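**Q** Each chain, written out:
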Amino acid sequence: MFLRNYWYVAASDSEIGRKPFGRLILNEPIVFFRTEDGAPVALEDRCAHRHLPLSMGKLVGDRLQCHYHGLQYDTAGRCVRIPGQDQIPSTAKVKSYPVVERHRWVWIWMGDPALADPAKITDFHWLDDPDWGAKSSYLHVKSNWQLVVDNLLDLTHLAFVHETTIGNAALAEHAVVKVTRAPNNVVVTRWIIDQPAPPTFVKVGGFTSNVDRWQIIDFVPPAFLRLDVGATPTGTGAPEGKRVGGITMRNLNAITPETEKTSHYFWGQAHDFDVKNAELTNKIFEQIQTAFYEDVAVFSAQQRSLDLVADPPQVDINADTGVIQARRILDRLHDEEQAALHASAAE
Amino acid sequence: MKFRVELVWKDDDETAASSIYLTADGRVILQGAAVSREERERLALPADGAMISVDRRLIRAIKDML
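Line order of the protein sequences matches chains A and B.
Heads up, the first sequence is in our numbering, so the first residue is 1 and it goes up one at a time.
Heads up, the second sequence is in our numbering, so the first residue is 1001 and it goes up one at a time.
Please note: incorrect hints may appear among the correct ones.
Each pair of labels, with its calculated beta carbon distance range [said to hold, decoys possible]:
| # | chain 1 | residue 1 | chain 2 | residue 2 | range |
| --- | --- | --- | --- | --- | --- |
| 1 | B | Ile1059 | A | Glu240 | 23 to 33 Å |
| 2 | B | Asp1064 | A | Gln87 | 35 to 45 Å |
| 3 | B | Ala1024 | A | Tyr293 | 46 to 56 Å |
| 4 | A | Asp128 | B | Lys1063 | 39 to 49 Å |
Honestly, the hints are just simulated from the structure, not real lab data.
Bear in mind that the values here come from a model prediction, so they are computed numbers and not experimental data.
From the three backbone atoms N, C-alpha and C, an ideal C-beta is built for every residue, glycine too.
Chain A extracted, bound-state conformation:
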């Protein structure tokens, strides 16, 4: 299941340059490059002639030249040169996609281009805000994109998958969780009061006694999860909104489906303390990255397991509440999108 009329993260800004770069998104092969002015371009990664991926070609000025027979395409996907032939068939073109560069990521619109409003891009300003220290990265995931969304909406797993970094038993046994569902949004708020800090928090926050810890997960469809996480010494008023003497971080996640069974996972970590300290930014990033590698191993194993049996029954537990709400929103949005497509096809 894919939702098409949405902006997705296609690449980090540094991945796209003057060398054509191919990536599969929602099962569509796409080639990215920058014009001589630096603007990102996205075209169908398949020559209209004999279907060689255009990402194997090269740029001639702002034209993308196919590696096979030298057909050249402009930034709108129109073939503008065929070697040895003056007349260019009107069908000699490839699909072009709206793209926008924002928050160190290049975003792509996978649906009807007429609906591609950049104002709909989900806010990830923490990645390039001077008031925050931040670092981002990319992981290739061998699982359906919804397994990653599920993972981030239920952080009980931190106690088991990430016990050496960001998790401890308190997360699963002593948390108070609030799940707020709006029509197109789920917020999961979890407080862990007067419990030991997990290893990563001890390393970067210097906690020596129990903490009040929060995890506020903001889910925006189709697959954006912005986590507000942190801790303060216990009893200092964080649950009432007084965050003093502790640490606050943002864990930022954008998942882009590659196929039904593989995903592109763009993520970043931002912190609002000692923001110019690059060494600290790296230290925090490396701790979280270690945890994310552990998650990626879980996703792959889940997908392999799911591949063995189609739609196996599953048991839901209390901690799944946020996951279930998000899945219902996604199912409804998919139904609505399909209904609109069928209606327009019938006109």
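Chain A is fixed; fit chain B onto it per the hints.
**A** For chain B alone, coordinates are given in the frame of chain A:
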């Protein structure tokens, strides 16, 4: 403190329904107002058993979220 989950459903206009609680011992607890003896008599409701009245948004929340 044990693990417990509170569910809140919000309408398009951001109006929230009252809460649903899932507790560690497996119960679903609804937030509502107790129905008094006077109300039971006035509304011809049974006199026995605990009763609460809930707003209609909570019913929508139960249908959508549980």
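**Q** Please go over all the hints and tell whether each is borne out by the structure.
**A** Here's how the hints hold up against the structure:
1. B:Ile1059 to A:Glu240: 23 to 33 Å: The hinted range 23 to 33 Å holds for Ile1059 of chain B and Glu240 of chain A, with Cβ atoms some 32 Å apart.
2. B:Asp1064 to A:Gln87: 35 to 45 Å: Once the Cβ atoms are compared, 59 Å apart, the range 35 to 45 Å for Gln87 of chain A and Asp1064 of chain B is violated.
3. B:Ala1024 to A:Tyr293: 46 to 56 Å: violated, 32 Å
4. A:Asp128 to B:Lys1063: 39 to 49 Å: With a Cβ separation near 42 Å, Asp128 of chain A and Lys1063 of chain B satisfy 39 to 49 Å, so the hint holds.
Figure legend: structure checked against the earlier numbered hints; hints not met, in rising order: 2, 3.
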